[in-house]
Amino acid sequence: MSLNISNIALHFLTKKEETGEVVIRFGAESLEVGTKIQSFMDSLHNIYNKKGNKGYGHFSTMPAEGDEARFVDVMESYLSDMQDFNAFSHQATHLLKNELTKYDLAETGYLVLCHYEHMGGRYLIAAIIPISEHYSVDSELNISADQHLDTDKLQLAARIDLFDYQQNPQGDRYVTFIRGRAGRKVSDFFLDFLGCEEGLNAKAQTQALVQAVEDYVSVNQLDADEKQQTRKELLSYCKEQKESAQDVSLKEVDKVVSKNEEGEGFYQFCQEQDYQIEDSFPHDQAIVNKVTKYSGYGNGISISFERSHFGQDVVYNAANDSLTIYKVPPNLKEQLLQLLNNEE
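If you use the working numbering, the sequence shown corresponds to residues 1 to 344, in order.
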């Protein structure tokens, strides 16, 4: 389903090599939402949704330094119709310029600001789209270079859930953002530009959920097969939630995990044990993916096996740091036998 775009602005920021000065080139005062812009924003929306390493946060209550307004202030002026989208986008771009100057980063490109609706939600996205060169050859074999917006390399982006922000301003997750690359402070810089603080920790929440499920199946004395089946059902539920961009709900997990109708349910178990898990939260799928399998790679060796095999068909000896595999998979066994024959 296509986005319903209310307003969009596109401005360009670059740095002078000689002085390091950040220069802004403002785009058109009003961009008409035609087929190309609609297609571009649909693509950007989908790329952002698929980014797995996201953080969750909220606007800081700290006042701005000096006389300059904060991002949330200029955004509020736009949302309350005190100024138009073009004025808001210009102010936001100046805020971004100031942060780029402070951090002395080379993270320049096209700043996209877009207010849109999708599937009943209202959003404001801010993203810096990097530029890449591409080459073409004409019929005379002349090579020419040109630039394009490289949305596949999107790293600096954040999205505000305007419904959540306006209905629950004390919340801690109405802003989502892409976490920075390893060793880079790009996400810190972008959060400072927006005046945001990190709030809900999706990784910690997911780890607590996985631990709670493990504790629950152990307390209820499920056998090995039942435990593994429960883990698979949890994994399946979480994948469905991730694919539909929905939060994980403890009460829904209760329906998946609770096996004994006469005993204590999973939701009640979590409340009594005080796991500090939210009733619903955006989860980290990478953590849930590990509940049914163990895997590792290093020094040219790659191993993966279902958790239920550990201690039975796969045995680890910590004393000599060795792993013994019983019931070798047939296709691997065939290759090993062939290798032994060749060596003989």
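By construction, these hints were calculated from the structure, which means they are not laboratory data.
Heads up, a few of these hints could be off.
Said to hold, decoys possible - Computed beta-carbon distance windows for the label pairs:
no., residue 1, residue 2, range
1, Glu214, Glu21, 53 to 59 Å
2, Asn289, Thr35, 35 to 41 Å
3, Gln170, Glu117, 36 to 42 Å
Yeah, the Cβ is synthetic: ideal placement off N, Cα and C, and Gly gets one too.
List of violated hint numbers, smallest to largest: Per hint list: single violation, 3.
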